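Required output: the full structure, derived from the provided sequences and hints.
Residue numbers (the UniProt record's numbering), protein chains in the order written: chain A, 1 to 341; chain B, 1 to 341.
Which copy is meant is left open, so a pair is good if it fits within one copy or across any two.
In silico DMTMM-like pairs for lysine to aspartate or glutamate, Cα to Cα no more than 20 angstroms straight-line: (1) Lys251 - Glu223; (2) Lys197 - Glu73; (3) Lys251 - Asp218; (4) Lys246 - Glu223; (5) Lys253 - Asp217; (6) Lys251 - Glu279; (7) Lys197 - Asp152; (8) Lys322 - Glu174; (9) Lys64 - Glu43; (10) Lys121 - Asp85; (11) Lys26 - Asp305; (12) Lys246 - Asp217; (13) Lys330 - Asp173.
Keep in mind that the hints were calculated from the coordinates and are not lab data.
Predicted model only: the values in this text are computed from it and were never measured.
Number of protein chains: 2
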Amino acid sequence: MGTWYRIALDAMGGDHGLTVVIPAAKKALENHVDIALILVGDEQQIRAALQAQNMAETERLQVKHASQVVTMEDSPALALKNKKDSSMRIAINLVKDNQADAVVSAGNTGALMATARFVLKMLPGIDRPAICTVMPSLQGHTHVLDLGANVDSSAEHLYQFALMGSELSKAIDELASPRVGLLNIGQEAIKGNEQVKAANALLENSPLNYIGYVEGDDIYLGEVDVIVCDGFVGNIALKTSEGLAKMISSKLKGSFTRNFLSKMAGLISLPVLNNFRQEIDPRRYNGASLLGLQGIAVKSHGGADSLAFANAISIARTEIIKQVPQRINKQIAALLEGQTV
Amino acid sequence: MGTWYRIALDAMGGDHGLTVVIPAAKKALENHVDIALILVGDEQQIRAALQAQNMAETERLQVKHASQVVTMEDSPALALKNKKDSSMRIAINLVKDNQADAVVSAGNTGALMATARFVLKMLPGIDRPAICTVMPSLQGHTHVLDLGANVDSSAEHLYQFALMGSELSKAIDELASPRVGLLNIGQEAIKGNEQVKAANALLENSPLNYIGYVEGDDIYLGEVDVIVCDGFVGNIALKTSEGLAKMISSKLKGSFTRNFLSKMAGLISLPVLNNFRQEIDPRRYNGASLLGLQGIAVKSHGGADSLAFANAISIARTEIIKQVPQRINKQIAALLEGQTV
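Structure below.
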């Protein structure tokens, strides 16, 4: 597997395991002729699933056995200690051992975070990993981090998130100088908590293109490329968005199926509505990057379907091509030496 | 003004001042025959605006002069100290002096919060006011608090917010036992920060119908009546929702105006789309309650139009009828005595 971008998939992870990962692998291999995938998990089950889909093991689609599965309920500590032969752990090990260039998992976030951190180690100068995802905006998209890897982040951690997010945006969006904002609230009285204020001071004196405080709505307005916040806040913003999108989509459907006339209108509008649905389809944004590690790890949504999981694989591929960890490492090293690259 | 529910309006507050408040007052007086309004602000300007709208001063529409205006940039401390004759302050004073039963303002949130707290005082047993608003859900609506009155709330504060929100829901929704949830993140590793965990313990031992942790998407799914969080998190959730709704609405419009065929489809679907738009119209949810005070104060969105501001007036009216502060007071007193009412 020399000439391909090699991606290890935790084939047993997530709410749906193989049912989603196998068809997603198929899609990904079709989409990208330059990748090879390693399906990690129970080899018997994987081979049966491949057969059921008329898929063959090839140089580009290999199977690697793992006898255990990390469940959604396992604590990170337990997963780390007692599940050393889990599909998640073995997939991460492949990255560590340079048999894969990236890992993708839809499994338990806490366990993935802890295991990836333990096995791959942090980049020098980065204290904690951060979860970063892309959210659609009026004019493209916005990278938001952290989304739940940390709660109660210090100012220094928020600053590191900003550096990593900026570097990711440079790599992915090919922007020379991504606009970085710090998530805050606009109430005049109580603008920000102590960590946010201290992070603001750090960012104002940084080489980043820091545009200052932004508010929740800025995630979607397209005037900023990277938004930094602590994991608690970021996770709430992400989940709130998921809930609202679900409600709006349901109410829109309800409006078009209320009576005969509205159903007719819906039928006529079907191509338009499908186009709209596609544009805001959360599956197109599935795949969150675990940044700050010495290796590439992408978290897929636990409930992702195969289209969504395939998107997470695409993100891993892009990060391999763009050498995201190496870039972050280089930038941090330069900053520690007091210069920018 | 004896037999009406009397509501004082900060006529100069918000982004649009009289331009919005006067037509909103007109709408509200038409909608509710049982209310009387007091327009507080520059009397010359108010009278000119009334004349321009062919509106007369009556027993149900009075004018009260105030020579100053709190701007959106004024700090709460400055507003409190140097703007004792502002429209905001005088309107709040009317509640304090029992010349009005509630106050509505679209002005500077921090100043409104600080002034209302200073003038009206807290209810006994409540440490801090909270801002609570209703957000639409798949099956009705959800009360969410706090939305920015506080950052870094202690467990005890979160507990008090839960009590107030529950009592508000009992009063407004006429539910016997509203379901109360505590906003948290679902990552297994790091479930909650310290305050949230401690508040969870308090709530589990409370007489409230506490259903445990909820996540951001639960705001919109309709399985919980009251969601409690600290003001930083709540404000981010609210603003994020505003941004997403704006983006979705813009993209939907874009889809229907892309080309001739989609425009035709949009024309045919117009009644359906209008119905949908109305259902998720944020103006129908405008008006946040300042809870925990010895009096009723409602905050309108700074950028609210007259329809939205009229909705905030309706909320004030409902809280007067339902005697929300008295109910919260009674509930807290009963809890302090170790019993529930």
